[in-house]
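Start from the sequences and build out the full structure, keeping to the hints where you can.
Number of protein chains: 2
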Amino acid sequence: MKNIICLTEVEIDTFLPSGGLAEAQKLMGPYILVTPENLDREAWADLIENCDPEIILAAWETPMLPEHVRDRAPNLKYVCYLPGSVRKLIPRSAIEQGLMVTNWGSSISRTIAECALMLVLCCMRRVCYWTQQMHYEGAWKDGESTTQSLFEKRVGLHGFGAISRQLVILLKPFTNRISACSPGVPQSIFDESGVARIETLEELFSENDVVVELSALTEKNYRIVTEDLLRRIPEGGAFVNVGRGALVDEDALYRIAKEGKIQIGLDVYGEEPLPETSPFRGLSNVLLLPHLGGPTTDRRADAGDHGLENLRRYRNSGELLDNIDLDKFDRAS
Amino acid sequence: MKNIICLTEVEIDTFLPSGGLAEAQKLMGPYILVTPENLDREAWADLIENCDPEIILAAWETPMLPEHVRDRAPNLKYVCYLPGSVRKLIPRSAIEQGLMVTNWGSSISRTIAECALMLVLCCMRRVCYWTQQMHYEGAWKDGESTTQSLFEKRVGLHGFGAISRQLVILLKPFTNRISACSPGVPQSIFDESGVARIETLEELFSENDVVVELSALTEKNYRIVTEDLLRRIPEGGAFVNVGRGALVDEDALYRIAKEGKIQIGLDVYGEEPLPETSPFRGLSNVLLLPHLGGPTTDRRADAGDHGLENLRRYRNSGELLDNIDLDKFDRAS
Numbered sequence: 001m002k003n004i005i006c007l008t009e010v011e012i013d014t015f016l017p018s019g020g021l022a023e024a025q026k027l028m029g030p031y032i033l034v035t036p037e038n039l040d041r042e043a044w045a046d047l048i049e050n051c052d053p054e055i056i057l058a059a060w061e062t063p064m065l066p067e068h069v070r071d072r073a074p075n076l077k078y079v080c081y082l083p084g085s086v087r088k089l090i091p092r093s094a095i096e097q098g099l100m101v102t103n104w105g106s107s108i109s110r111t112i113a114e115c116a117l118m119l120v121l122c123c124m125r126r127v128c129y130w131t132q133q134m135h136y137e138g139a140w141k142d143g144e145s146t147t148q149s150l151f152e153k154r155v156g157l158h159g160f161g162a163i164s165r166q167l168v169i170l171l172k173p174f175t176n177r178i179s180a181c182s183p184g185v186p187q188s189i190f191d192e193s194g195v196a197r198i199e200t201l202e203e204l205f206s207e208n209d210v211v212v213e214l215s216a217l218t219e220k221n222y223r224i225v226t227e228d229l230l231r232r233i234p235e236g237g238a239f240v241n242v243g244r245g246a247l248v249d250e251d252a253l254y255r256i257a258k259e260g261k262i263q264i265g266l267d268v269y270g271e272e273p274l275p276e277t278s279p280f281r282g283l284s285n286v287l288l289l290p291h292l293g294g295p296t297t298d299r300r301a302d303a304g305d306h307g308l309e310n311l312r313r314y315r316n317s318g319e320l321l322d323n324i325d326l327d328k329f330d331r332a333s
Numbered sequence: 001m002k003n004i005i006c007l008t009e010v011e012i013d014t015f016l017p018s019g020g021l022a023e024a025q026k027l028m029g030p031y032i033l034v035t036p037e038n039l040d041r042e043a044w045a046d047l048i049e050n051c052d053p054e055i056i057l058a059a060w061e062t063p064m065l066p067e068h069v070r071d072r073a074p075n076l077k078y079v080c081y082l083p084g085s086v087r088k089l090i091p092r093s094a095i096e097q098g099l100m101v102t103n104w105g106s107s108i109s110r111t112i113a114e115c116a117l118m119l120v121l122c123c124m125r126r127v128c129y130w131t132q133q134m135h136y137e138g139a140w141k142d143g144e145s146t147t148q149s150l151f152e153k154r155v156g157l158h159g160f161g162a163i164s165r166q167l168v169i170l171l172k173p174f175t176n177r178i179s180a181c182s183p184g185v186p187q188s189i190f191d192e193s194g195v196a197r198i199e200t201l202e203e204l205f206s207e208n209d210v211v212v213e214l215s216a217l218t219e220k221n222y223r224i225v226t227e228d229l230l231r232r233i234p235e236g237g238a239f240v241n242v243g244r245g246a247l248v249d250e251d252a253l254y255r256i257a258k259e260g261k262i263q264i265g266l267d268v269y270g271e272e273p274l275p276e277t278s279p280f281r282g283l284s285n286v287l288l289l290p291h292l293g294g295p296t297t298d299r300r301a302d303a304g305d306h307g308l309e310n311l312r313r314y315r316n317s318g319e320l321l322d323n324i325d326l327d328k329f330d331r332a333s
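So the sequence lines, in the order shown, correspond to chains A and B. Position one of the first sequence corresponds to residue 1 (our numbering), numbered consecutively onward. Position one of the second sequence corresponds to residue 1 (our numbering), numbered consecutively onward.
Hints are computed from structural coordinates only; laboratory data are not their basis. Warning: the hint list may mix true and false statements.
Note that the list lumps identical chains together, so a pair holds whenever it fits in one copy or between two copies.
Said to hold, decoys possible - Here are the simulated lysine to aspartate or glutamate pairs, EDC-like style, with alpha carbons at most 16 Å apart:
no., residue 1, residue 2
1, K141, E272
2, K261, E271
3, K2, E49
4, K220, E49
5, K220, E203
6, K77, D52
7, K261, E235
8, K77, D40
9, K2, D228
10, K2, E137
Just so you know, these numbers come straight off a predicted model, no measurement behind them.
Laid out in structure tokens, this is it:
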């Protein structure tokens with residue numbers, strides 16, 4: 001029986017820098033280190049069968065596990081997946097068979113919150129407009145130019161999970177007027193964060209200067225941000241999406257964007273990569289990023305640390321952080 | 001004797017919204033309200049002579065006071081100037097004659113700090129590059145795209161006045177590795193802010209990932225940021241200037257910018273408006289703003305509140321906040 005570390009060199013360098021790999025090896029015990037390049041799914045399945053590992057340490061490039069993997073590798077108990085999207089690696093049948101799986105959990109939330117704050121600040125200062133003006137039009141401000149600050153603004157968050165709670169920490173030095181709409185979250189979490197609870201999306205969009213979309217994408221949430229909601233954002237306000245593009249009626253968002261009354265910051269889109277012909281491209285009140293919210297390359301180490309902590313927990317208590325059960329698996333994007 | 005309020009409608013609406021004007025009028029006692037449009041300097045001097053005011057409330061559009069103004073208006077004691085640059089309004093001779101003058105002081109510092117934080121975050125995420133790529137090139141990220149976070153980064157501040165201290169508050173949720181170089185500032189101020197003191201600019205630029213230029217412009221500081229200093233910023237690092245353009249050797253900054261190894265965020269320039277032909281325009285690693293650090297239009301009210309507080313203090317104790325003495329006048333930009 002040999003555990004398996006299946007990572008590329010870049011994955012090792014970014015997730016497990018400065019001694020992280022050595023620590024993982026120590027925690028895993030007997031192991032083989034394989035590189036996923038040129039490893040097809042058949043060879044990968046054979047390797048797993050031959051090694052019959054207890055633990056697999058994996059990342060983006062690791063091939064998908066075979067269906068009903070524990071039929072082939074009965075000793076396999078735990079897959080420590082360093083990134084987020086477990087569906088790229090784990091078939092549902094493995095979870096059904098009782099395989100324990102962890103991913104980066106909320107260790108990367110703060111980088112997405114950082115991206116959200118940046119987009120909000122960029123909306124306030126109209127950075128997209130000014131970048132276009134300064135770089136392509138040879139322009140400068142004039143007496144008519146106005147600009148806004150985030151200080152004292154009303155900020156509404158749609159969703160109140162780990163990213164939102166990190167965002168609140170970053171927003172607090174600017175404003176105490178923070179509210180969130182997230183029906184499932186208990187009142188105590190709102191109270192701890194000093195965030196006002198808002199019951200309906202209608203209120204959330206009407207009563208804030210800035211709305212940040214941070215909700216998880218579920219069937220119920222698909223295109224939940226309608227034209228009616230978006231039109232409630234007051235003129236001069238802002239809408240930022242770092243959650244998922246499919247939460248928003250993007251055709252409606254485009255119609256509203258074109259009117260130029262609000263500033264918009266987008267990191268996510270219903271179709272990714274964003275099509276070359278997307279009408280959002282070119283609109284000076286819409287800042288566009290290519291889904292790079294988080295984790296940033298330099299903070300993948302946080303996800304690596306989270307994985308190491310889980311390997312440590314696996315060896316000690318067995319109580320893993322952010323274990324992906326069937327329920328979480330089904331809700332994962 | 002009649003006090004004078006000389007403000008445009010826009011100045012009243014932005015500096016003194018929601019009852020601010022009424023409060024100013026109450027604090028000033030007998031007054032006349034004049035609008036500076038079409039008020040030439042001669043008519044303005046006559047008006048001052050005829051009113052012989054004790055207080056003048058002024059802003060950007062108010063014409064310059066006549067030389068030795070107290071020879072004409074012996075009762076004039078206090079000019080409450082709502083914006084910052086008193087040299088646009090007050091001849092040195094008036095201060096020599098004992099005139100008390102206040103401006104917005106540090107009431108607007110936080111908005112400039114906000115702009116600095118935004119530029120730093122934009123450098124980390126390469127917002128200028130991505131705006132160009134997303135809006136003009138129809139692009140999307142690829143496997144080679146890397147991005148950075150401000151979390152845990154080393155941030156060095158050149159200058160440790162009011163803006164820097166506000167910036168520290170905004171930086172703290174991201175990193176504790178903040179240092180500053182500002183020879184004149186007492187150690188106690190560093191200790192209170194939890195900021196490490198750095199003795200030399202050489203160390204400041206060598207030992208930080210991000211350097212923010214926030215120093216006052218003095219004769220001694222003119223182009224103090226040399227090519228040698230700029231080249232010390234580590235590859236992948238960032239340089240942000242929200243202080244004054246003339247603090248920096250901009251030719252050297254351009255040469256370094258062109259090499260693309262660091263990200264740069266600029267709100268200020270040696271020559272403003274930035275010439276249409278400036279070589280900085282078009283460089284995808286240089287985010288450019290047209291000197292709109294602060295205050296933002298919506299936070300001019302903070303400067304108005306500061307002015308009202310000083311009118312109140314003038315009436316009560318006479319101890320004004322941020323009184324501009326000859327020393328401050330000579331150092332003002």
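Evaluation of the provided hints:
no.	hint	result
1	K141 to E272	between (35 Å within a copy, 10 Å between copies)
2	K261 to E271	neither (25 Å within a copy, 32 Å between copies)
3	K2 to E49	within (10 Å within a copy, 95 Å between copies)
4	K220 to E49	neither (40 Å within a copy, 72 Å between copies)
5	K220 to E203	neither (19 Å within a copy, 55 Å between copies)
6	K77 to D52	within (10 Å within a copy, 89 Å between copies)
7	K261 to E235	within (5 Å within a copy, 39 Å between copies)
8	K77 to D40	neither (23 Å within a copy, 85 Å between copies)
9	K2 to D228	neither (57 Å within a copy, 54 Å between copies)
10	K2 to E137	neither (62 Å within a copy, 48 Å between copies)
Hint violations for this structure: numbers 2, 4, 5, 8, 9, 10, all remaining hints satisfied.
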